[in-house]
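Participant: Here is how the chains run, residue by residue.
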Amino acid sequence: MARSLTTLKSLLDWRQPGGLVSVAGHATLLIVGLAAFSSAKPFTPAQESAAVDVISEREFNEMMKGDKKGEKKPEPALRADRVAEIRKENEPGEAKKDVVAEPAKVEPPKAEVKPEPRPEPRPEPKPLPEPPRQVAALPPPPVRPPELKPVVRPPEPKPQPQDEPEDEKAELPTPPKRPEPKPEPKPEQKREDLAKLLEQKQLEEKRRDEEKRREEAKAAEEARKAEERKKTEDKKRADEKAAAEKAAAEKKAREEREKREKQAAEAKKLEDSIRQRLLTSREAPSSTGATGAQVSRQASLGAETATGRRLSPSERSQLIGLLTEQMNRCLSIPPGAIPRSKPIVALTLARDGSITSGPTLTNPMNEPGYMPYAEANMRALRNCAPFRIPERFAAMYDDWKSLRIGFDPSEMQ
Amino acid sequence: MPGAEAQVDLSLIALFMHAHFIVKLVMLGLAAASVWSWAIIINKTMALRAIAKSMDEFEDRFWSGQSLDELYRGLVNKTNDGFAALFIAAMTEWRRAFEGSGRGFASLQTRIDKVLDVSISREVERLESKLLVLATIASVGPYIGLFGTVFGIMTTFRSIAASKNTSLAVVAPGIAEALFATAIALAAAIPANIFYNKFVRDAGKIQGRLESFADEFSAILSRQIDERAGAVQNRGAA
Numbered sequence: 001m002a003r004s005l006t007t008l009k010s011l012l013d014w015r016q017p018g019g020l021v022s023v024a025g026h027a028t029l030l031i032v033g034l035a036a037f038s039s040a041k042p043f044t045p046a047q048e049s050a051a052v053d054v055i056s057e058r059e060f061n062e063m064m065k066g067d068k069k070g071e072k073k074p075e076p077a078l079r080a081d082r083v084a085e086i087r088k089e090n091e092p093g094e095a096k097k098d099v100v101a102e103p104a105k106v107e108p109p110k111a112e113v114k115p116e117p118r119p120e121p122r123p124e125p126k127p128l129p130e131p132p133r134q135v136a137a138l139p140p141p142p143v144r145p146p147e148l149k150p151v152v153r154p155p156e157p158k159p160q161p162q163d164e165p166e167d168e169k170a171e172l173p174t175p176p177k178r179p180e181p182k183p184e185p186k187p188e189q190k191r192e193d194l195a196k197l198l199e200q201k202q203l204e205e206k207r208r209d210e211e212k213r214r215e216e217a218k219a220a221e222e223a224r225k226a227e228e229r230k231k232t233e234d235k236k237r238a239d240e241k242a243a244a245e246k247a248a249a250e251k252k253a254r255e256e257r258e259k260r261e262k263q264a265a266e267a268k269k270l271e272d273s274i275r276q277r278l279l280t281s282r283e284a285p286s287s288t289g290a291t292g293a294q295v296s297r298q299a300s301l302g303a304e305t306a307t308g309r310r311l312s313p314s315e316r317s318q319l320i321g322l323l324t325e326q327m328n329r330c331l332s333i334p335p336g337a338i339p340r341s342k343p344i345v346a347l348t349l350a351r352d353g354s355i356t357s358g359p360t361l362t363n364p365m366n367e368p369g370y371m372p373y374a375e376a377n378m379r380a381l382r383n384c385a386p387f388r389i390p391e392r393f394a395a396m397y398d399d400w401k402s403l404r405i406g407f408d409p410s411e412m413q
Numbered sequence: 414m415p416g417a418e419a420q421v422d423l424s425l426i427a428l429f430m431h432a433h434f435i436v437k438l439v440m441l442g443l444a445a446a447s448v449w450s451w452a453i454i455i456n457k458t459m460a461l462r463a464i465a466k467s468m469d470e471f472e473d474r475f476w477s478g479q480s481l482d483e484l485y486r487g488l489v490n491k492t493n494d495g496f497a498a499l500f501i502a503a504m505t506e507w508r509r510a511f512e513g514s515g516r517g518f519a520s521l522q523t524r525i526d527k528v529l530d531v532s533i534s535r536e537v538e539r540l541e542s543k544l545l546v547l548a549t550i551a552s553v554g555p556y557i558g559l560f561g562t563v564f565g566i567m568t569t570f571r572s573i574a575a576s577k578n579t580s581l582a583v584v585a586p587g588i589a590e591a592l593f594a595t596a597i598a599l600a601a602a603i604p605a606n607i608f609y610n611k612f613v614r615d616a617g618k619i620q621g622r623l624e625s626f627a628d629e630f631s632a633i634l635s636r637q638i639d640e641r642a643g644a645v646q647n648r649g650a651a
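Protein sequence lines correspond, in order, to chains A and B.
Be aware that the first sequence starts at 1, since it is given in the working numbering, and climbs by one per residue.
Be aware that the second sequence starts at 414, since it is given in the working numbering, and climbs by one per residue.
No lab work stands behind these hints, which were simulated from the structure alone.
Be careful, since some hints might not be right.
[Claimed, not checked] Over 12 Å on every C-beta distance to chain B, these chain A residues come out as not near it, computed from the model:
{"hint": "1", "residue": "53"}
{"hint": "2", "residue": "59"}
{"hint": "3", "residue": "240"}
{"hint": "4", "residue": "261"}
[To be verified] Derived CB-CB ranges, DEER-like:
{"hint": "5", "chain 1": "A", "residue 1": "17", "chain 2": "B", "residue 2": "531", "range": "27 to 33 Å"}
{"hint": "6", "chain 1": "A", "residue 1": "23", "chain 2": "B", "residue 2": "560", "range": "46 to 52 Å"}
{"hint": "7", "chain 1": "A", "residue 1": "401", "chain 2": "B", "residue 2": "579", "range": "52 to 58 Å"}
{"hint": "8", "chain 1": "A", "residue 1": "82", "chain 2": "B", "residue 2": "579", "range": "52 to 58 Å"}
Bear in mind the structure is a predicted one, so any value in this text is a computation, not a measurement.
Note that the Cβ used here is the ideal one computed from N, Cα and C, for glycine as well.
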């Protein structure tokens, strides 16, 4: 207690100003600190950087990365939407006999799909099954409106309210429905012979019908004219005649109407069935997609390396050996100096062994005899073009798609 | 310094207010320790400088050829430190030997040596007073701060567990507050340690000077004693 008191006293002693100076210094620091640290500076949020991978074209072509959520399947495969044409050929020097293509390669579903589109261009298949029925439905619309009207109208406009409209085609309630079936004109144009025949028959019938009706209409017209002539003289007779005619016309009109309604109902039914078929049709999409040995049914899960199979060095030299062997059959080296340097030729191949681009010489030189030699080799490559490439290389297609082949002149001698 | 920082940031003031009672105590204690250590540092620096200055001045006067009695008379009524304190103590003992019977020569030399030793130790004690406080603050301060930090983090984790939220916005203030205790402790301990080392060395140097002066002065006095003793013997013989 006493000690702390003396300590305090010494703190206030003017001869030992340390305590006062210290307190004052701390107070100053506090004030300065309040001014300097009044607010904390927030961090500026760091921009997230996007990871970029540099991949070569080959890596991109061989990419097999797939759906993360896909079901696990044992073997990843290159994507293929269609089956590539399979060319099964003997490997030179390996198989003595022709090997029969395995049935597994030809997949039943594809076999079914393929034949369908082939017979006809795509737009046709849809309407094809129906056309005959559509043709049957077609004729009625343009039928006989014009003849009917004159018969009915003059005597009395009253009996047929349907006849009132004066334009020839809209005259009856039914026609408006009939002209609708739009699909008809299209199929007609493309229709087969059968459809055409049917149509012709129909037209003939129609024409006959029309002729008949026209005769009737003529008769009616004459009758009417006679009536008009006689009207002033003999009203009574005219009335009777008109009544008789009216009854006949009504009867005829009723029959006509019934017939037409029946046809309309049929047409409608047909139309509905066509529509139904179009809606539920399962035509193959027009996209051709990528081709491969097998159709991939789901997204590939990808391989661990995310690349396809590569040719091993020995496989590569084997393949190049095969190509040069085949090429040598077409090769004729022009006489002259055989160069010492080795021309290297780049070319790209299709799956079936045909050349899709090239061959191009990658190292042109001035050496005498070099260019003729290189050109002879390139010519030979072009001439022997579809090379037979053994089946077992198919999986590595992306690796040997583009090749560089060197032609060693020393081997020529 | 740390006392100031305890209330520097406005948000930190709020943190200090939110801190646990014990952490608050630790922070305040460390702030007080800082104030105290700086007070000691300032006082000690001034004291050491004053002693060194007065010692230089005394040395000049002592070797100026002035008579020792004169010098003694000039200093005897003042409060003295350093060489002057040694000189006065030895001279007092010397004069006491001649004031009385004047026959205490035999053991006067030993007594003077003892007196010089005692005054040296007293001076050194004065020089080193309160250095222990600095040493304690320097060595224990960080532990106290660490204790405050650990306690603060403990309470922070408990409140995190209670709020069931681990986002940084929840965790950061508590941790900052806890670390603040360590910051104050370091701010107090580092200068204390530096100046403790400096003062110990300065005090040692002064102690060495005092001892060499004491030896020299003791040699002078011993010569004087021998001379006086010879004179007395001569007087007695005559």
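Participant: Okay, which hints does this one fail, numbers in order?
Facilitator: Hint 6 is the one this structure does not satisfy, whereas the remaining hints hold.
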